Amino acid sequence: MSSTTNCLKTIGSPSLEELKGSPGFPDEHHMKKGPIAIIECIEAIPCNPCETACPKGAIVVGHPITNLPTLDVEKCIGCGLCIAACPGLAIYVKDYTYSDTEALIVFPYEYYPLPSIGDKVTMVNRRGAEVCEGKVLKINLSEKNNKTPVISVSFPKKHFEEIVSMKRI
Amino acid sequence: MYKTSIAVIGGGPAGLSAAIEAAKAGAQVVLIDENSRPGGQLFKQIHKFFGSKEHKAGVRGIDIGKQLLKEAQELGIEVWLNTEVCGIEQNKLLWAVKNKTESVQLLSERIVLATGAMENSIHFPGWTLPGVMGAGAAQTFINIHRVAPGKKVLMIGSGNVGVIVSYQLLQAGCEVTAIVEASPRLGGYGVHTAKVCRAGVPFYTSHTILRALGENKVEGAVIGRLNDKWEFIPGTEKVFEVDTICIATGLTPLAELAWIAGCKFKYIPELGGFVPLHDENMETTIQGIYVAGDITGIEEASSAMEEGRLAGINAAASLGFYSSKQKEKLCNEVRERLDALRQGPFGKMRRIKKQELITSRREIRCHQQQIV
Amino acid sequence: MNRIKHHIILEDLKEAKKVKIIVDGEEMEAYEGEMIAAALLANGRKQFRYTKKHHSPRGIFCGIGRCTDCIMTVNGVPNVRTCITPVEDGMVIETQKGVGEWKRGENGV
Ligand SMILES: Cc1cc2nc3c(=O)[nH]c(=O)nc-3n(C[C@H](O)[C@H](O)[C@H](O)COP(=O)(O)OP(=O)(O)OC[C@H]3O[C@@H](n4cnc5c(N)ncnc54)[C@H](O)[C@@H]3O)c2cc1C
Ligand code: SF4
Ligand code: SF4
Ligand code: FES
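Chains A, B and C, in that order, give the protein sequences. Each residue of the first sequence is one higher than the one before, counting from 12 in my numbering. Each residue of the second sequence is one higher than the one before, counting from 11 in my numbering. Each residue of the third sequence is one higher than the one before, counting from 82 in my numbering.
These are calculated hints, taken from the structure and not from any lab test. Source: prediction; values computed, not measured. Don't take every hint at face value.
[As the list claims (entries may be wrong)] Below, simulated DSSO-like cross-link-like pairs (lysine-lysine); rule was C-alpha separation at most 27 Å, straight line:
id	chain 1	residue 1	chain 2	residue 2
1	C	LYS134	A	LYS155
2	B	LYS227	A	LYS178
3	A	LYS158	B	LYS248
4	C	LYS86	B	LYS161
5	B	LYS161	C	LYS99
6	B	LYS227	C	LYS98
7	C	LYS99	A	LYS155
8	B	LYS227	B	LYS162
9	B	LYS227	C	LYS95
[To be verified] Simulated DEER-style distance windows between Cβ atoms:
id	chain 1	residue 1	chain 2	residue 2	range
10	B	GLN365	A	ASP111	42 to 50 Å
11	B	ILE270	C	HIS87	55 to 63 Å
12	B	MET359	A	LYS31	42 to 50 Å
Every residue, glycine too, gets a C-beta built ideally from N, C-alpha and C.
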């Protein structure tokens, strides 16, 4: 057992290696082509709201509902509707092409207090370690999200792979 | 003495669903719960549920609870709150205590037991200090009473309850210092562990709590590493400054009433211990007594609701409220949804073990028929 | 006070009617209808009783009325599970020592 193949069940969060072998994780090429959903759900739990939420039919779980969600990278337009629909808070959208120097992440965030637009926040990786600073661009509190706020933050491109969320404030 | 067609004991997701199905069929139903408010554990579950649309996936437990209460009200189900059922006689006579003072009897043609489960505890020096509590207790305080049990919490156990409650403690503004797990592998769903992991909460696998520190209340905790024989390795102690220690080491079915009634049991550790045998219609080894939810093996609220529906439909059908054809159609829909929840690495074990219960029940029935 | 006033999912705490309770002779503020244990915890009280033999303190353990760790003497009646008993204005609550003592009071049965 190598040190990066069983992180989910020992450390608590998946390693890149574990994610790259899963059908919900876009390949490098598509990941960097524009806004796209990234699904970090690799454990065959009985669940499929991501499939139901996607207006483009880009996520398929099928039968049985314990199948892993598969992302069709060609169909996904990065609209972000699947983010708050996922009860596991396992989906976010990233855009590598946001600007020359910065990437964008749109992620679920269920803590009080919420940041304000324009705030500088600390961005974290899958293990909660502080990585870089980010700037809050949008806070989506739509009723459809059923109390899961969805936040957009820009951050330096070089941390593209690592960043998954922001530090609680 | 009061009389009814169907009495449902326990107003959690299983009991509420059973009562609703039975009332929908046209049966007279009394739903009994010892609390001042029905809902069981549902109102502390503020997270969105898994499953599919048919299981109300994406809806928060607390909202599912509200929907069920509304439905029960619209159907005119009689609800007895603050009423603890203490005994069952002759398979249909319930004895209960209302408001801790008044003794009442209820004669019911069918009984559904949906009494849920109780949290397990583990014992270590200092475990009785104020500040050591069940994870469910902490969940009750933060999400229902809106009072934090402390500022810094150590969680013992990484199963779904441990990680969900850790997440909810963070949402309540508490700090979760660490989550300790004796096994080398984390127990809860990966999406739950990932959520608290990216919030900066460290997991300690192959570790256990050695003692709680403090005189009059918890002021700290010492944990230590376990070897592959689950023995403590001296010299690996770690001290945490915490004011609260939460124990999330599993649940045990609350099945006293089924014992009292004389139901046959089987010991199935994967389901939480001794569980009453039941058939595919949720009927126990005693005719007319049904079970549903955690009492039949620890699962989740989603499966508890489906089992409750099965029990409610069957109890009503056995009194003639449904033809056998109607009943089978309704039951098959529910069973399909239940099966969908019991797939994958987490659900498979439960499916196998539940099947074991049903098979054992069938064997007993065959045996009884031979005797007759 | 450890009350959770703001919450992203449960929203802001609704101000309930405030009542007074007397805990070991000391006046404390509580919300009408909340459980005694919640009121005590909100006021920073963690010890609810002391055991008979070893006089060791106990607090909240199960929170749902099963374990009896949280029992106190309420309006003169001992062994009341405070985690499932709502407060009332003017309630007299005392730390219970051992198995408690019945006192004659208004509500003493
Ligand atoms: C404290 C706790 C927290 C939990 N948190 C989660 C969670 O966050 N997520 C999750 O997926 N699962 C959780 N669970 C697991 C639980 O399996 C299910 O979520 C679900 O609530 C089970 O439903 P049920 O109807 O079988 O039991 P319950 O919801 O427990 O309902 C049973 C009801 O019966 C009442 N009762 C029991 N005995 C009697 C009697 N003799 N007379 C009258 N009434 C009686 C009880 O007070 C209770 O109200 C938790 C369990 C517990 C015990
Ligand atoms: S981002 Fe939009 S298009 Fe892409 S998978 Fe999610 S819902 Fe579908
Ligand atoms: S909704 Fe989320 S948790 Fe459920 S299957 Fe899809 S990605 Fe996984
Ligand atoms: S804390 Fe267990 S009965 Fe009150």
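Hints and how they fare:
no.: 1; hint: C:LYS134 <-> A:LYS155; in the structure: 57 Å, violated
no.: 2; hint: B:LYS227 <-> A:LYS178; in the structure: 31 Å, violated
no.: 3; hint: A:LYS158 <-> B:LYS248; in the structure: 38 Å, violated
no.: 4; hint: C:LYS86 <-> B:LYS161; in the structure: 15 Å, holds
no.: 5; hint: B:LYS161 <-> C:LYS99; in the structure: 24 Å, holds
no.: 6; hint: B:LYS227 <-> C:LYS98; in the structure: 30 Å, violated
no.: 7; hint: C:LYS99 <-> A:LYS155; in the structure: 35 Å, violated
no.: 8; hint: B:LYS227 <-> B:LYS162; in the structure: 13 Å, holds
no.: 9; hint: B:LYS227 <-> C:LYS95; in the structure: 30 Å, violated
no.: 10; hint: B:GLN365 <-> A:ASP111: 42 to 50 Å; in the structure: 59 Å, violated
no.: 11; hint: B:ILE270 <-> C:HIS87: 55 to 63 Å; in the structure: 46 Å, violated
no.: 12; hint: B:MET359 <-> A:LYS31: 42 to 50 Å; in the structure: 28 Å, violated
The structure fails to meet hints 1, 2, 3, 6, 7, 9, 10, 11 and 12 from the earlier list, while all remaining hints are met.
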